[in-house]
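Modelling step: build the complete structure from the supplied sequences, incorporating the hints.
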Amino acid sequence: MRRIIQLVVLLLLLCPGYGFAQTSKVSGKITSSAADNEVLIGVSVVVSGTTQGTTSDADGNYSLTVPTDATLVFSYVGFVTQTVALKGRSSINVVMAVDSKEIGEVVVTALGIKKDERKIGYAVTRVDGGALSVARESNVASSLQGRVAGLNVAGTSGGPGSSVRLNIRGVTSFSGTASPLIVINGVPIDNTVRGSAGEWGGADLGDGISNINPDDVESMTVLKGSTASALYGARAANGVIQITTKSGSRTRTTIEYNTNLQLSRAVDNTDFQNVYGQGSQNLRPTDQASAIISGNTAWGERMDGTPTIGIDGQLHPYSPVKGNINNFYRTAPAWTNTLAISGGGEKGTYRLSLSNLDNQSILRNSGLTRRTVNFNTSYDLTKKLSFNLTASYTDQEDKNRANLSDAPLNANNILFLAPNIDQATLAPGYNPSNNGLETAWNVDSYTTNPWFVVNQNVNNVGRKRLISTLSGRYVFTDYLSLQGRFGYDYSSDRQFSVTPYGTLYSTAGEGALNALTLGSRLELNSDALLSFNKNLNQDFSISASVGGNYRHNKFESSRLYGGQFIVPYLYAPSNLRTRNSEYLYTELITPSLYYTADFTYKFLTLSTTGRYDRFSTLPDGNRSIFTPSVSGSFIFSDLLQDQLPALSYGKLRASFAKTSGEANQPYLTGFYYNIGNPINGVPRANTSSTLPNANLRPYNLQEYEVGTELKFFNNRIGVDFAYFHRQTNSEIVSAPLTIASGYDGTTVNLGGTLNRGIELGLTVVPIKRGAFTWTSTFNLTKLHNEVLSIDGAADNPLQTGTYRPLNGFIDVVKGRAIAQVMAYDYQRNAAGQIVVDANGIPVRGDLKPMGSAIANLYGGWNNDFNFKNFSLSFLIDYKFNNKILSATEYYSYTRGLNKATLEGRDTGVLVPNSVTQIAAPTTADPNATTYVANTVVVPAYTYYPQLATNISALSVLDGSFIKFRQLTFGYTFNQSVLSHTPFQDITLSLVGRNLFTIMKHTHNIDPENTISPLVAYAGVEGGSLPFTRTYGVTLNVKFK
Amino acid sequence: MRKTVIYAALTAVLFSTSCGEKYLDEINTNPNAATATNLNPNYLLTDGQLTFANTGYGELLYESTAIQALASTFNYYGNGDKYVNTSGSTGYQGVLFSQGYTALSRLQQAIDIATAQQASAAAGTPNATQYVNTIAISNIMKIMIFQRITDTYGDIPFSQALQATQGVTTPQYDKQQDIYPAMLTQLQTAINSLSATGATASGDLLYGGNVTQWKKLGYSIMVRVAMRMTKVNPTLAQTWTEKAAAAGTLASIADDALVRGDASYGDTQNATTNALLTTDDFREVKWSKTLIDYLRTTGDPRLGAVAEVPKNGAANNANQSLPGNNDPAVQLGLPNGYDLTGGAYDIRKRADYPGGTGSTDSLAVLGKYSRPRLQVYIQRTAPNFLLTYAGTELLLAEAASRGWSVGATAATHYANGLRGAMQSLAQMSTAATISAADIDTYVAAHPLDTAAPLKQINEQYWLETSTTFNFIEAWFNWRRSGYPALVPVNYPGNVTGGTIPRRLPYPATEISNNPAGYAAGVADLNGGDKLTSRVWWDK
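Chains as they are written, first to last, in this note's numbering: chain A, 3 to 1042; chain B, 21 to 559.
Don't read these hints as lab results, they were simulated from the structure.
Here the structure is a predicted model, which means the values were calculated and not measured.
Just the calculated beta-carbon pair ranges, DEER-fashion:
# : chain 1 : residue 1 : chain 2 : residue 2 : range
1 : B       : Ala540    : A       : Phe998    : 47 to 55 Å
2 : A       : Pro575    : B       : Ala136    : 37 to 45 Å
3 : A       : Ser560    : B       : Ala136    : 28 to 36 Å
Think of the CB as a built atom: it goes at the ideal place given N, C-alpha and C, for glycine as much as any other residue.
See below:
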């Protein structure tokens, strides 16, 4: 630790330019005009007509070296700005007057333009970085859950660093994650999901935002409406999340150390039957071979405790085993250490932080380490020219990303262990004396032994990433400035994934190299912005900018893979019997021009923006589009001050915007042929199975929004309400085709979707007495999401995803919400009786829409209690009306684990009130259906597997929940206690995440379990890591 | 200040030059792939042939065990062995559909590119006809593939298939009775378009572009297509079979249509071999008792060529490079419909269970049952047989026995078929070579019984296709001819009412991707989209 501090100090010494200038020095104290005359911290003090300046420190003091003829401008949100000429003085104390009109805060809007909240005609929500670093999710986006009206957060259950699906105001897009654009310090970064699981398995390899260190985040601002994000164009069609990283202060040097330790435990959500043990056809195993066959099936006998042969060949009591999930998964520690030094001088500021995260997964032998260096500096080269540099370097190593969904090399199948088997009997999962061959534990060798996975699997992902922005700003006059900005986001990825030597299903048990992939992704954004800001008179002001952006995105990767390792366990590409390689490359550019203009008259602001994009991914002639927006803000409380004294602030806002979007992949408009591996010396070629479309055009999105912000009783009650209406047209979609057409998919401009709804945010301070404050915030989003058309003609449903049992699907269905869960219901006759076949098994009825996998009612309720140095807060969040397509539920039926399968175990199942069809409709007589009462009694072990296969509606669950998401408790030792120590203050906080579920409807899974962040797979559950409960402690130390 | 302005101006200039239409088009051109103007269409033909031939699990999971050529206690094979739905069944039911149309798609692209490149060449130059045989061969291949798809599923997209580039993305399902005559006329056209003087189709994996052999193969496909209609349209069957026989079919095993695996790459290796090398498959996939008993009762010399009993003990059983004992005397087939669950259908509860091999620690429960010989079948370079001289001769034997004019007598064609079937095992592997003397002796001793020819011919067809691991064709012909008379198993939870599957359900994706077509296809089936429904020619 000490060495790191030494290193940091050394680095800072090498950074020139933070020294003090030579001209005369002015200093003073800034206080508030309010009754208690408290000092004001963070007041901006700027030399008029320049960017040169400082902010007041914790004691309200400022100090600045300026030309003797300078004029200082003191500004602070909520106070009247003062302009004071120096006139040779060296000490100026200022009393700032509270501005009854100026109670809004400064909001960072699109392109990093800061605006007074009063002037904004659309909804934005700011989340303080403190909330994120306390919640401490390995993917910082998960911490936003329940905190922002309109924002729906859905994480993937793949262990630390997994991807998150973020949807603002519903899902507008059929494809991808429909995630908002992530912008750091004004420049977009790449948020590509690097890999996710589908019905055939795979691992979640994280997304772009998962590399961000929460300790470096000053704040996140969620720009919800299209108007808010219109200046970002296409990529912001789903909204924008802007991240501002921490920066230094001009007046003081701070050294801050933060350490956080968290422990996560798996939560066993299963409620399986505990009456019948492993076995087949109502019999328990009789030898090791039959024990192995039934390792994950509980179709045996009633458990009676009799010693019975197990999968390890030993005798075990034939009785229920408790705690398999908690014993198989471990308590996983996550430890973060962050050291930050910040400060500055008159010419600039700096902040440097070093952070290390070691985050183990509850799955043994899996986890991630992340090292981050974050540097942020601003520097005034001259009075008129300033520069700002932010750079964040992340080195992340993910060890053994967990395989999800389908069974191969997926350790999470431990869930399906028959009730009488102790998970420990599966260990170590392989036989060292038999070439390390995997020990079978069930009938299907593609369902890998979970202990084999834990002990042998290798699926490592590494990422080195530099996210940096360099911007320069030149101030021509106090109302005209030019800014140039260059954003560079480069990541270099490495994946190393094997099917281990000894894997049962691998050819000859010799394993395979799945991927040794080296790849890089570059996102470059260069932009320029000329800004004009002028108060024409006391009541009228104009703020306008014009600029342009040039986006360049490039991806390149090469992969080595192959089958069968020659020398055991030597996982080298040269050690393969067959070798293959693959090379991928994509590149796209988007040049854009845009403007923004705000006209403010007293309490009224009118804004307009426009953007012109040219997309390289679209064909010549179709690739350009202009999209405008207008918005207005009306501070009506300014007119009602006398009539309604209780109303401290009232704003009405309205906006309309168009945005557009492009294809997210290049090369979709032309035919291409790939050269494959030759066979016996003859070359081969194949095509992408996606049919090109030479007529693609940009899609567009229109949104209008009205809203209000109200504050009452000196801000004790705050209301923020919005109604929005958003419609997408001609969306660019990958549509599946029947392979009989020659291609199995294509990219088309299809369909339209509608999202309308309300967002409500309520902030109440019920108690503010003396040192005690209770702040309660509540937010709610209610959506109506509907697919208006698919292809405008036949409007056949589009199947986007499915789960491994393959009898239920995630579809896009006209007239219904996106991510519609489709499943087969019972077939019933006119009298409503269940129709069974000749074998007594219910017949599959129609494939029906069962509801959307994405919640349409969600939000959270947060409460903060502060008393002197104590703070306590808790967060409850909720989602309603989302369906889950649950593979766990399906397998719990087919394997006899579900409690529902207890019915008829001994007697067999006769479906009550069911009928058999004895005559079928024919073309001649379509009504020729005759039914007779069903009398076939089916053994439970054949009934339930076929039932769950035919009637997939049984696997569709209600995913609604209310959860007690987070409880934190903090105590700050302040200066009175620490006066004789080197510490400024010390804060100790305790946090508990996912402590308990207040309401859910699923019996065997957590409703938030999911395998993929993609909209196409929303709601697909099964074969993922169990949900975890986390306890943590954070210590934050600021040095003097 | 001045510098700033210069930089700003420079940025502006850069911005404008790199936004031009042409530049954006260049950026949107994939630098990593060939285009229709520079690709040799033969490469697509090659890929289409391999995709079609290399079926792997697509022939193992239903067909191989349904016709009781193979048998397995392993759950994965329960689909065909026990007629139950296993976890993978939905996916595997669609394999022949997706593999078939993927192969067809390649061939269609080969034809389209070849046609376009020829058209863009100056008329009269060699380039204007450089792909004439590539196109002809692709068209012949297409018929072979369409037949396999329709025989598997019934009605399928045919007349409107492969036309996505022309905007047909939901092709209609044509009735099988309409597809069959169309296949025959299209096949004739394709054969006629072969050019003995034209450039060689370099991408052909079957004959290296030999036009004479392709002509023979074309007419042999014609025999197969025609003969499938013996029950539903014997007149048409006769017309085309006679026409094909007159034109000349495959003349010896040297003409056999097969695609040899290449061990170099995962996707060029024999996929059936790779499937059988999976640990569980290797342990539990055996020759069926039905097939082994048949070979033994008739004293067929193929028994020792195709089957072996693994060496004693589990470790030896699992050793994938240790050949077993192929002495015909010890060969024993595994009955279909059994498992190892310890229940009523556990193979060990059968009275004739021979016991395992090896000690308790290394017990091979199925150790005494015969498996396909390692050196013959479980080789990555093993060929996939598509159509053989022997099979064609047997079909012609049946045609002759029906009194049709196909060149020689039924007995001659039958003897040719039997002889060819035994000879062709040497093409599988020289390790399976049966001596000419043994063949002669057997063929002489087993002439066609002209009183009951159909049984004998089609049982031999079943043996021929099974021992060349062409299980899909074996299944088709069993469904058509009813021979051999297989006794179905009746395992608990089977989904066919204890009958052998007679078709495969359409892939589930068709329901949403081509709903109208799918509905039409299902409506034409008596009994719905099930394993038990029968296609048009299967009466």
